[in-house]
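A.B. asks: Letter by letter, the chains look like this.
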Amino acid sequence: MTYYELWQACREELLAAAWSTLQLALGALAIGLAVGLLVALLRMSRARHVRRLATAYVELFRGTPALVQLFILYFGLTAVGIEFSSFQAAMIGLGLNASAYLSEVYRAGIEAVPKGQYEAAQTIGMTRFKTMRWVVLPQAIRVVLAPIGNVAISLLKDTSVASLIATPDLMLRAQDLSSVYFMPLETYLIVGAMYFVLCFPLSLAVRMLERKTSR
Amino acid sequence: MVVISELEHAAQLFPYFLKVLGLGALSTVGLTVASFAVALLLGFVLALMRLSRRVWLRSLASLYLELFRNVPILTQLFILYFGLTHLGLTLPATVAAIIGFGLNGAAILCEVFRSAINNVDRGQAEAASAIGMTRRMALRIIVLPQAIKVALPGMANFAISLLKDTSLASAAAVPELAFKARMLVSETYQTNLIYLMVAVIYLILSLVLARMGHRAESRLRGGH
Amino acid sequence: MSYTPPATPAEQPLVRIQALHKSFGRIEVLKGIDLSVMPGQKVSLIGPSGSGKTTLLRCINYLEEPTAGDIYVDNQLMGQRQVGARRVPLRDAELARMRGSIGMVFQRFNLFAHLTVLQNIMLGPLKVQGRQAAEVAEQARALLAKVGLHGKEQAFPDQLSGGQQQRVAIARALAMKPKLMLFDEATSALDPELVGEVLGVMHQLAEEGMTMIIVTHEMRFAEQVSDQVVFMADGRIVEQGSPHQVFRDSQVERTRAFLRAVQER
Numbered sequence: 044m045t046y047y048e049l050w051q052a053c054r055e056e057l058l059a060a061a062w063s064t065l066q067l068a069l070g071a072l073a074i075g076l077a078v079g080l081l082v083a084l085l086r087m088s089r090a091r092h093v094r095r096l097a098t099a100y101v102e103l104f105r106g107t108p109a110l111v112q113l114f115i116l117y118f119g120l121t122a123v124g125i126e127f128s129s130f131q132a133a134m135i136g137l138g139l140n141a142s143a144y145l146s147e148v149y150r151a152g153i154e155a156v157p158k159g160q161y162e163a164a165q166t167i168g169m170t171r172f173k174t175m176r177w178v179v180l181p182q183a184i185r186v187v188l189a190p191i192g193n194v195a196i197s198l199l200k201d202t203s204v205a206s207l208i209a210t211p212d213l214m215l216r217a218q219d220l221s222s223v224y225f226m227p228l229e230t231y232l233i234v235g236a237m238y239f240v241l242c243f244p245l246s247l248a249v250r251m252l253e254r255k256t257s258r
Numbered sequence: 057m058v059v060i061s062e063l064e065h066a067a068q069l070f071p072y073f074l075k076v077l078g079l080g081a082l083s084t085v086g087l088t089v090a091s092f093a094v095a096l097l098l099g100f101v102l103a104l105m106r107l108s109r110r111v112w113l114r115s116l117a118s119l120y121l122e123l124f125r126n127v128p129i130l131t132q133l134f135i136l137y138f139g140l141t142h143l144g145l146t147l148p149a150t151v152a153a154i155i156g157f158g159l160n161g162a163a164i165l166c167e168v169f170r171s172a173i174n175n176v177d178r179g180q181a182e183a184a185s186a187i188g189m190t191r192r193m194a195l196r197i198i199v200l201p202q203a204i205k206v207a208l209p210g211m212a213n214f215a216i217s218l219l220k221d222t223s224l225a226s227a228a229a230v231p232e233l234a235f236k237a238r239m240l241v242s243e244t245y246q247t248n249l250i251y252l253m254v255a256v257i258y259l260i261l262s263l264v265l266a267r268m269g270h271r272a273e274s275r276l277r278g279g280h
Numbered sequence: 106m107s108y109t110p111p112a113t114p115a116e117q118p119l120v121r122i123q124a125l126h127k128s129f130g131r132i133e134v135l136k137g138i139d140l141s142v143m144p145g146q147k148v149s150l151i152g153p154s155g156s157g158k159t160t161l162l163r164c165i166n167y168l169e170e171p172t173a174g175d176i177y178v179d180n181q182l183m184g185q186r187q188v189g190a191r192r193v194p195l196r197d198a199e200l201a202r203m204r205g206s207i208g209m210v211f212q213r214f215n216l217f218a219h220l221t222v223l224q225n226i227m228l229g230p231l232k233v234q235g236r237q238a239a240e241v242a243e244q245a246r247a248l249l250a251k252v253g254l255h256g257k258e259q260a261f262p263d264q265l266s267g268g269q270q271q272r273v274a275i276a277r278a279l280a281m282k283p284k285l286m287l288f289d290e291a292t293s294a295l296d297p298e299l300v301g302e303v304l305g306v307m308h309q310l311a312e313e314g315m316t317m318i319i320v321t322h323e324m325r326f327a328e329q330v331s332d333q334v335v336f337m338a339d340g341r342i343v344e345q346g347s348p349h350q351v352f353r354d355s356q357v358e359r360t361r362a363f364l365r366a367v368q369e370r
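Residue numbers (our numbering), protein chains in the order written: chain E, 44 to 258; chain R, 57 to 280; chain X, 106 to 370.
So here's chain E without its partners, still in its complex pose (with noise of 0.2 Å):
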């Protein structure tokens, strides 16, 4: 079998399960940038171990591989009888980890907002939550699209270790694939490529962002 006839043959499962990581990854990505928002919040309390358990929150999703996250929220759960399907179990366990690192990128937009411009806003009388309002966060976000658009690629690609607990993903479809069609190197390829052209673009993307935001 050709490449071109292997695809053919396969496309439309590839394309299916593309969708699905498509899918995934966003809804990990809308996890991940509402709980990384109060978790940034969280981090900037005045109450010291709300930060504390803040930061611990952070450092146990970076600290530890997605694939012991997922394995624990796919398997370890059902130990205490909570039963997540492993696409739902993929979902929140790659939101969880990418909040940790999008509560940093929350954290690091509004730290760097220059000083000069908290005290300018408060010498036209401006209250703390009107500064950050109209002044401070219009600007953090400029400052935080770069980085989120990172932290969605590597979203994108994480999907993949979700096949690792059996997650109807490209992965998971190339492995069936193979198993089928007994080409596993030109399948893995396929896929590979199929992960390139989703990924490509938004890289891209990302690499303008940053270059406008640097001038």
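I should point out that these hints are in silico values taken from the structure, not numbers from a laboratory. Mixed in with the good hints there might be a few duds.
[What the hints assert, rightly or not] Label-pair distances were calculated between CB atoms; the ranges are: (1) Q309(X) - E122(R): 51 to 61 Å; (2) I125(E) - Y72(R): 50 to 60 Å; (3) D175(X) - M251(E): 49 to 59 Å.
None of the values given here were measured: they were computed from a predicted structure. Think of the CB as a built atom: it goes at the ideal place given N, C-alpha and C, for glycine as much as any other residue.
Starting from the known structure of chain E, arrange chains R and X on it as the hints suggest.
C.D. replies: Below, chains R and X without anything else, positioned relative to chain E:
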């Protein structure tokens, strides 16, 4: 009554788990170190290619970078594994994993090195050429020693993510920590205890790596 | 657009500073400052770096919290409230309101980078004072024209020169209709040829009767524009008087030494 004996059972198995997981951890560390070495060498070469004046070298390096950064590591490992078999080379899974992580890591380290070299004060490179140094000499004697300092945080971060990525080698039955964990779980069903221990071990390992990175940074900074 | 002085009884100082002390950790930067500024007065603060002039200025609008002493602006205690025998720091909203009537111009301009020039000027009146957009926009355009930047409404701060940015900063402060304007080395970060355009605007403001406290290294400007000159060194006021007194006829050696060193440059 049932609960107590379950805990007792787990407690009995604890030393056994520790031994097996300990060996797995050793394997993980070895895997990380070997892959890091490969990535370091290759990444340095790639960085030089990226900074070269010859367009074809730069383009080649760029192509490599784009390929390895836009495809998941797991996919790369599988492609490498089956590719080697296809070529008739039967390497042990561990070696294939080291090569795979090394190739991927080279792409990441290349960018770390490149930005480190670019971040060393441009004026110093100019001053070097003003006193008659060739570009290569200036690079070697002035820029690189300082670039290493700037690159350390990036290298430390890479080392930590490499440590975590080695868990993916478990898919190829490489006997590292994650693989041993799965093995133990299927043996004894003590899922939570085992994964808890695994998480703690990874945490300790990454903290150790982070500490090593900090120490290397402060030593290089203080040595002036 | 002419400036109308605020309704304060003519005898009362607009700014009254009593026994002001400020320490940063163990370092005492202000060692007991007493100063009064009447409405419409222009006061220049001069002195070597580290003398505490900027810290003093920043205490007036409570960007720095005094360690001891009182600051009254328009008869209101700045930043604090008397509760029985104790002093309690003001809440965020009250402090913000008090700050709204004091305008400040920074050495590094601190224009809001994500907003156009016009939006920079309009932000305060719109979001803090809650005024109507049409009226605010009209005032903003007038202020922009007044500082000589008509036509730059839609520009972003990073498209302007330093002198232009500083003039926008002045317009932004004026948009809040302040009773008092504080200038923290407004021209120190500017290229020499751009200093004049900013000093020109400050002159104009002075002529219109604005109460101004100016920290500056521009001695000639200070001499021309001030009613009162305050020379500070090591956290204390060393000499205080009319421009002629301080610049031309000082009897204090420390002042003379400083002026000599500055002249030599």
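A.B. asks: Please check whether Q309(X) and E122(R) have a Cβ separation lying inside 51 to 61 Å.
C.D. replies: The hint (51 to 61 Å, Cβ to Cβ) holds, given that Q309(X) and E122(R) are roughly 58 Å apart.
A.B. asks: For D175(X) and M251(E), compare the CB-CB distance with the range 49 to 59 Å and indicate the outcome.
C.D. replies: holds (55 Å)
A.B. asks: That 50 to 60 Å hint for I125(E) and Y72(R) (C-beta), does it hold up?
C.D. replies: violated (27 Å)
Of the numbered hints given earlier, the model fails hint 2 alone.
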